[in-house]
Structures are given as structure tokens and as C-alpha cells.
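Residue numbers (the numbering used here), protein chains in the order written: chain A, 1 to 430; chain B, 1001 to 1313.
Treat the hints as calculated values from the structure; they're not laboratory data.
Please note that the accuracy of each hint is not assured.
Unchecked claim - Facing chain A, according to a computed beta carbon distance under 7 Å, are these residues of chain B, among others: (1) A1024; (2) N1183; (3) N1199.
As the list claims (entries may be wrong) - Taking lysine to any residue pairs in the SDA-like style, the calculated list, with each CA pair at most 25 Å apart, reads: (4) B:K1156 / A:Y109; (5) B:K1156 / A:L383; (6) B:K1156 / B:A1267.
Ideal Cβ positions, reconstructed from N, Cα and C, are used throughout, including at glycine.
Each chain, letter by letter, is given below.
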Amino acid sequence: MAVSTAGPLATGPVSLLRLTTAGSVDDGKSTLVGRLLHDTQSILADQLAAVDRATRARGGDGEVPDLALLTDGLRAEREQGITIDVAYRYFATPTRKFVLADCPGHVQYTRNTVTGASTAELAVVLVDARNGLVEQTRRHLAVAAFLRVPHVVLAVNKMDLADFDEQVFRRIEADFAMAATSLGVPDVVSIPVCALHGDNVAARSRRTPWYSGPTLLEHLEAVPTGREAVAEPMRFPVQLVLRPRTAEHPDYRGLAGRVASGVLQVGDEVVALPSGVRSTVTGIDTPDGSVPAAAAGESVTVLLADEIDAGRGEVLAHPEQAPRVVTELGADLCWLADRPLLAGARVLVKHGTRTVRAIVTELTGRLDLHTLRHTDPPDTLELNEIGGARIRLAEPLAVDTYATDRHTGGFLVIDAANGNTLAAGLVAAP
Amino acid sequence: MTAIMVAPSTGLNNNTVENDHLAALESEAVHIIREVAAEFDRPVLLFSGGKDSAVMLHLALRAFHPAPLPFPLLHVDTGHNFPEVIAYRDRLVADLGLRLHVAAVQDWIDDGRLVERPDGTRNPLQTVPLLDTITEHRFDAVFGGARRDEDRARAKERIVSLRDAFGGWDPRRQRPELWSLYNGRHTAGEHARVFPLSNWTELDIWHYIARRDVPIPGIYYAHQREVFARDGMWLTAGEWGGPRNGEQLITRSVRYRTVGDASCTGAVDSTAATIEEVLAEVTASRITERGATRADDRLSEAAMEDRKREGYF
Ligand SMILES: Nc1nc2c(ncn2[C@@H]2O[C@H](COP(=O)(O)OP(=O)(O)O)[C@@H](O)[C@H]2O)c(=O)[nH]1
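Isolated chain A (complex conformation) (with noise of 0.2 Å):
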């Protein structure tokens, strides 16, 4: 099969974007993700010739490599055939490099698909065309929507199986749409493809003269990236203050930070929450030098005209668009833990660069991931269930909702006692 894309030939400025994967078990999945790897030349030679080999093993004719097995990873995994945990790949064309998380598409591992969303732009929903849209289709449809990934595509699959049938995909797309539009997925893109063969992935196939739109390669290389993150109004979580002492930089105190979201630039007025004091920024610094302004993933070190104590844990803001200051609030929690969660756990929460002791006061329902309601309130959340909350806080922080911000509404939960992660938050709307 033809193929034009070469990554590494890059010549003008490659964008970066982040997409997840997921599907049902034996929907084609590590097949797509092997093929996409393959046909951006992605693989090394004697990676492929193990493939081959395993291929032949396995009893396959080694006409077809098994491209699943490239991106088949831990031994567990190895055993039982499945995949278990998030894992990523990399592969890039002449214009863009993709980190793709690879997210196992067991029922019970909705966490690792939560984890493999939350900071994707991009997520590929996998269906088995002779299947349509199952339970699992559903449900991976629901946490793209719930962690608002911007783009979803759907990828029909196994189309060879179906004659490449017009009528098989325009089914299965409206099927979809439905869905999507009922959960308020505002941008879904379906593809017909034969990850096995290749067609419509990288390369237009010639047995589906009945489609027009893109191949998955060229869309993924086509949707927007990170316009959303700078749009938002600007927050600035203060990581740590730089204060070198030298003979050179005697006086110097910065704000180290990465932007989050919105766009901050030199002359602003800033306020530092939660402490709510002001101040206005007079130099944004690199390493390179200084620059007028830093747009959102930036890292950067800010300069304010008063010493103002803000530090760790504290987020710059425009004092006119200036996130919320709660000592108490609402949220979504997916359970990520064995143990179940019970009202009245005290936990910790970490929210940008400020974590704090925290008490889950009230469960106030469970999230059905067909309509994204609520139900009434359960008595527990278990492992890999979606559910409302309530949080006390024992010091205050400064959120946005989820919904209005992805990059600041999210949060974890942590295990006072061992540190181990036990949720993923999504501040609700107050």
C-alpha cells in the first residue's frame, strides 16, 4: 500500500496532538493503532520482523503481519490477551506528531480510559462494523463526553467483513451521531476502515468508492489543535518562586509556571488566588529572554511590581474573569480505587499546584454513562463508577468548573495514608 507520510522528513513547524483510543475487546484496536503506526513509518525494521516472526508462530501465513502484536506490552497482558493499562505511541507525520494514549477497552477499565481522556483533544471510538454500536460504544462515547474531549472520531471497522456496504457504515454513523448528540459531543467525524488491510487509514481505500470524507491519517492531521486551552481566560498555578540570590540576580523573584489556560501578557493586571491579592505583571522571562506574552501549555517565569506572597499553590487571573474561591464544593468522581468510596472519607485533594485535606460530606448520586444523569444517591462509589459528591475543604481553592475549563476544573483525590490516587474530579457547576 501506498503511503506518503513520512514523519521524520519534517520541514516547516510540526503542531503535537494528543489523541486516545478505544474500543471494545476484538473491535480491531491494537490492529488500528499498529497499522497507524506502520504506515507513518513508525516502526523500526527489526520490530516489524518480530512481528513477522510472531506472526508465523501464532500460526497466521505472515501474509498480513498481526500488527496488533507491536503494541502488545506487558507480560500480564501477554498472557491473558488483553490489554490492561494505558499505554502510548508515538508516530508523526511531515506536519504533526502525535502522543496517542492506547486505552484497553475492558468494561472494568474504565479508569484507564478516564486516565487516556483527560488530556487527549482527540479520541477514536472503535466499532466492529458486522457488531454496530454496543454497550461498550456507549460507554467509551460517555467518558469522552464527560472528560469533554473536543474531537471524537468513529472508526468502522472490519469493513472487509461487511463488503464495505454503504449501507453497514451510514447505519452504524447515524447510530453514532445519535448517541453523540444526545451526550452534547459537538465535533464527531466516522470514518469506514479496514485496520487489518490498511484502507482509509493512511491510504484512501478503492473499496469505498461510496465515501468522500477524509481517511483517519489525514483528519487527525486536519483537526485543530490547542485553539480551545487560549481561548479560555487565563490561569497562571504558581509551581514555585525563583529567587536566585546570585551577584548577578541579587533581587531577583520570579514565578515559575506553565499557563493553563487564556493568554497572559506583560502590563496585566493580576490577582493571586486564593489569597485575593493584586498586583500587575511587569516582565513574562525564558531562558532566551524576555517575551511580551505566554499563551496556554507555556512554561515561563513571571515578573509582578509587588512582592506580593504569592507562591506554590497560588493561580494568577484576570481580577475581571477570576476563578471561583470554595472552601466547599460540588464534583464528579470517577472511583479509581479497589475500596469503595463512603460518605464522610477524608481524603486529600490536589488541584493545580495547591493539594489540601478534604472530607467527602455527601454522595448525591451515580452517573449513568447512557445519559449522563445522575441517579439517586448511592451508598458507595465502586471502582471505575462516575459519581456526584460533595467536598468540604480544610483551606480554600480557586476552581472553574470542568466544563467551562479543562485544564483547571480537574483534580485528584489522593489516599491520606498511603498517597495512592483514589479519584479523578471534575469540579461541578456551583
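We have chain A already, so just place chain B with the ligand on it with the hints.
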């Protein structure tokens, strides 16, 4: 190759949308390094003198600029060194006023805590000195230059990855890592391995070295060297065993793709003497090594490289 901070030729923070993948990777790594410096008491940065650790050190210096690096470096020294790499390391440490700990495998062999392997390779012997040194200095966060694209098990490694008192990694009990919130909470005796280069590929590393003029040891560039052939590689002569009888020394133009234990790290034929030429060579060789739908059974150079990495941290 003198100063570490070099003005870039491109406007990186040009106050527009972050539109370049190297800028994104750089900002992510700096964020990780700052988080760890803020949340851990005693970090240390593993520094082998190789290109990945050179990039990691460069990023760490950027993270705290203009303040000095707030933690020391640790070199787990096999004793099978390229003199050029040690000279590079020492010059860097002196020029930048860094603190360096050296854990020499030889010391562990001398006092009986380690036994030399029959094959003479010392890569697998690095683990004990590493863990002993972590314990001795009570380091609680250890920066490593590993990348997830290196092998399949690494693909599942977290950016901040907890180790028990024995340095053990249990892939089944990894903490989920959400958004860019890193949970490094640990109990006494545990430590975290931190991998700021997790999302970088080998090509990203080379592109970054070119963009930021990151100093790396001269043996990464083509040079004339006396070598002898063994196991299909060009090995350099040295006191650790080689050349042996029958192995002939010849002078060739070579460069190294990795700088590991000199007794088993091979050089490749090359005339690439500048970073641009190396970049072109790496790019070209990766393309030809990739893409072929049916590779022959001959071990590629990349496979060799990857295999050796398996013995590493
Ligand atoms: N005929 C056909 N088989 C496929 C296709 N994609 C994957 N498969 C096969 O479906 C099976 C499951 O694929 P795999 O990638 O392991 O699924 P996963 O569990 O979703 O990762 C394997 O036997 C694949 O070879 C396809 O497009 N067409």
C-alpha cells in the same frame, strides 16, 4: 559546545498559540521538573553523559533559570568509560557549578558487594550502586532520561513512577496519571523515578539538540578512531578487554549512537561531523530501517541499541 544556555534562532515564545511540537515537549518537561522540585525534598538527576541525559540536564537548567540547579547530578559509573565523555561531564559540571555524585561500580566490586560478570559487561551491574546511593543520600526523586518509545514495557511507564524500598516497579499497581497532575506522594523509603522525556522520541531529542545547541560529547560526531570488529560492531580499544588475540585494530571514521559501557557499545561508520549532518544521518537511517514491510533477519543497528537499553535503568 561551550555554554549551556544558547539563544535560539527561532522565536519560541512568540506569544501565539503553541504551534510547535518541540516547544510543547519542552514546556511539558520544564513543568514536570518544576513540580518535582517543589514537591520532593531530595531530587537527583541521573547523568550518564549520553544525549538523553544531556537534554534532560538542559531542560532542568531552563526550569530554574536564572537560579542555579537546586539538585545534584548522579553518575552511575561503570568504569568502562569513553575518556571523552568523562571530560565532557567534568567540564560541564565545572562550567555550570553543578554538584555531581559518582557511584562507581568498581567500588562495589572492590569491596565485594558486586561480582564482575563472566562476559565483563557492567551495564547490568549499575542497579545496585544506584539503589545504594539513593538510600545513602535519601534521594526521594530520581530524574531519568528514559523515553516511552524505547520499548514496549516503557510505553506504560508513568511520568512520575513510584518505587518501593527495593527499587521495584509493579506495573499492575501504577497510579493513574490524569491531566498534568502528578502524584508523587510517597512514604519513607519509597522514591519516585521521574521521566520528563517520556513523550519524546529519539528524533525529537536530536532536533532539540540542534535547536537549542545542547552540548553533547564529541564522540556522537564523526571522528577518526582506532577500532576493532567484534560481534558485528566496531569496538574501541581499552583496558577492559580488547582487542583480544586475532582482533585487528584499524582506524576508521566513526561516530557513536549511544554512549554506554565502552566494552560493548559499538561505533557506526559515519562522516557526520556536525549536528545537521548527524540529524540528516539519523533521519535517513530511521527511514530506511522503517517502512519495509518485510525486514530481513539481520539485526539492525537500532535493534542492537534497543537491546542494550534493556539492561539499563
Ligand atoms: N477482517 C478484519 N479483521 C480485523 C480487522 N481489524 C482487526 N481484525 C482482527 O480482529 C481481531 C482482534 O483485533 P485486535 O486488534 O487484537 O483487537 P483489540 O482487542 O480491539 O485490540 C484480530 O484477529 C485482528 O486481526 C479488520 O479490519 N478486518
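Hints the structure fails to honour: 6
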